[in-house]
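Below, each chain spelled out in residue letters.
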Amino acid sequence: MFDNNIKILVIDDMMTIRKIVKKTLGDMNYKNIVEAVDGVNAWDVLSKDKSINLVLSDWNMPNMTGLELLVKIRADAYYKTIPFIFLTAEADIAQVKQAITSGADNYVLKPFSLESLKTKMTETYSKVKTRIAA
Amino acid sequence: MTAAKKLPQAEPKQFNFQLHETVSSLHIENCARQLNNIPEGSTVTFDFLKVNSVEKSCYSSINRLRNLLQKNKSFLKSENLSKALHAQLKTDGVLVLFHEQKPESKPAPKLDVKFITPFITGTLNALKVQANVEAKNKSPYLKDHQNFDVDIAGVLSLVSDAFVGSISLCFPKMTFLKICEGLFGEPQAEITPDIQDAAGELLNMIFGAAKAELNDKNNYEIKRALPTVIVGNSLKLKQSSGPTIVLPFESEAGSFHLEIEIVDKG
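Protein chains in written order, with the working numbering: chain A, 1 to 134; chain B, 1 to 266.
Keep in mind the hints are simulated off the structure, nothing from the lab.
With a cut-off of at most 30 Å between alpha-carbon atoms, the simulated DSSO-like pairs for lysine-lysine come out as follows:
{"no.": "1", "chain 1": "A", "residue 1": "Lys120", "chain 2": "B", "residue 2": "Lys50"}
{"no.": "2", "chain 1": "A", "residue 1": "Lys72", "chain 2": "B", "residue 2": "Lys223"}
{"no.": "3", "chain 1": "B", "residue 1": "Lys83", "chain 2": "A", "residue 2": "Lys48"}
{"no.": "4", "chain 1": "A", "residue 1": "Lys50", "chain 2": "A", "residue 2": "Lys72"}
{"no.": "5", "chain 1": "A", "residue 1": "Lys23", "chain 2": "B", "residue 2": "Lys178"}
{"no.": "6", "chain 1": "A", "residue 1": "Lys120", "chain 2": "A", "residue 2": "Lys48"}
{"no.": "7", "chain 1": "A", "residue 1": "Lys19", "chain 2": "B", "residue 2": "Lys136"}
{"no.": "8", "chain 1": "A", "residue 1": "Lys97", "chain 2": "B", "residue 2": "Lys223"}
{"no.": "9", "chain 1": "B", "residue 1": "Lys50", "chain 2": "A", "residue 2": "Lys129"}
{"no.": "10", "chain 1": "A", "residue 1": "Lys97", "chain 2": "A", "residue 2": "Lys7"}
{"no.": "11", "chain 1": "B", "residue 1": "Lys223", "chain 2": "A", "residue 2": "Lys19"}
{"no.": "12", "chain 1": "A", "residue 1": "Lys80", "chain 2": "A", "residue 2": "Lys50"}
{"no.": "13", "chain 1": "A", "residue 1": "Lys72", "chain 2": "B", "residue 2": "Lys50"}
{"no.": "14", "chain 1": "B", "residue 1": "Lys173", "chain 2": "A", "residue 2": "Lys23"}
{"no.": "15", "chain 1": "A", "residue 1": "Lys97", "chain 2": "A", "residue 2": "Lys50"}
{"no.": "16", "chain 1": "A", "residue 1": "Lys118", "chain 2": "A", "residue 2": "Lys72"}
{"no.": "17", "chain 1": "B", "residue 1": "Lys173", "chain 2": "B", "residue 2": "Lys136"}
{"no.": "18", "chain 1": "A", "residue 1": "Lys72", "chain 2": "B", "residue 2": "Lys56"}
{"no.": "19", "chain 1": "A", "residue 1": "Lys7", "chain 2": "A", "residue 2": "Lys22"}
{"no.": "20", "chain 1": "B", "residue 1": "Lys50", "chain 2": "A", "residue 2": "Lys80"}
{"no.": "21", "chain 1": "B", "residue 1": "Lys50", "chain 2": "A", "residue 2": "Lys48"}
{"no.": "22", "chain 1": "B", "residue 1": "Lys128", "chain 2": "A", "residue 2": "Lys118"}
{"no.": "23", "chain 1": "B", "residue 1": "Lys143", "chain 2": "B", "residue 2": "Lys217"}
{"no.": "24", "chain 1": "A", "residue 1": "Lys80", "chain 2": "A", "residue 2": "Lys129"}
{"no.": "25", "chain 1": "B", "residue 1": "Lys83", "chain 2": "A", "residue 2": "Lys80"}
{"no.": "26", "chain 1": "A", "residue 1": "Lys22", "chain 2": "A", "residue 2": "Lys127"}
{"no.": "27", "chain 1": "A", "residue 1": "Lys23", "chain 2": "A", "residue 2": "Lys120"}
{"no.": "28", "chain 1": "A", "residue 1": "Lys22", "chain 2": "B", "residue 2": "Lys173"}
{"no.": "29", "chain 1": "A", "residue 1": "Lys129", "chain 2": "A", "residue 2": "Lys7"}
{"no.": "30", "chain 1": "A", "residue 1": "Lys120", "chain 2": "A", "residue 2": "Lys97"}
The following block holds chain A by itself, in its conformation from the complex (with noise of 0.2 Å):
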């Protein structure tokens, strides 16, 4: 499972979402959490942060969408390999394949539980952590 010390990146236009996806994460023992409220205030956050280890991405935001950075991301010399969940309520079968096949290494649906977001990351961690340790 990842280190209870990196720095995760949690990214959604709800105040409500981000509050309690930080709450979930505290009770997970992840404390160290920055926070963005669309694609464009987390590409900025990413600019100049370059220690954010994980991002957990909604998908349907204003001014970018979470898909929209993602394909940023892995264009980027630096994030390209950064791990990326989407936490989201877009639950189209045609969007999560699209969210795959774009780069995303994992997708948690809302509602979600605190036993299904430590399940996704400690998939996700599984299926990354070779590539984060090169």
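For chain A, the structure is supplied; the task is to place chain B on it using the hints.
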């Protein structure tokens, strides 16, 4: 002399090409080289998701490819065109080369069990999983200028090719505060700006689940939407011309309801 047996025709296929950041004529020619002898009636899709720019020099290559496909009764489609690229290709007269399949015009769905059930299950699930609140749905009914005790509502527009409408998730103050207590893990005394968007987020979850089911099973092609939140004392949500169904719920946090309105674009 026996008649020659007609060989069975190959089934049409789908060919998807994820285009590069910069689309050049060489790139298009490379794609075209992979499309020799494709079955009649096939579809070739260019995915523009990762594209930042399209060189004008590739327009003639796209035109050549489109003409070849047309001779084969096959189609060239585009996907994930950004607004800027869409505008560029339209201005340069290239957008018309991509086949725009008009969706079959479907009638608007009826506000029947098949349509409303995903919203009911989405609501019960969202409250249970995210807020740890058990709720039960009561019998739905058509809205007819009833007065409801609504102090906060999440609202979003329903948009599909065949219909438009709206969904409103409506709460009295005390019910909303109790649900927020379940969401955040601590009691809430007032509906403050910090917690208001919970009404929008809960609706977002309900809509996401219902949309997926309605689109995947019934092909309604309901589009994504961003919710807004209305806050006030004793709100009266305006009833418009379309029929509106009320889905009432009872819960350990109190009562609340969902309103769904559909108008046929016809």
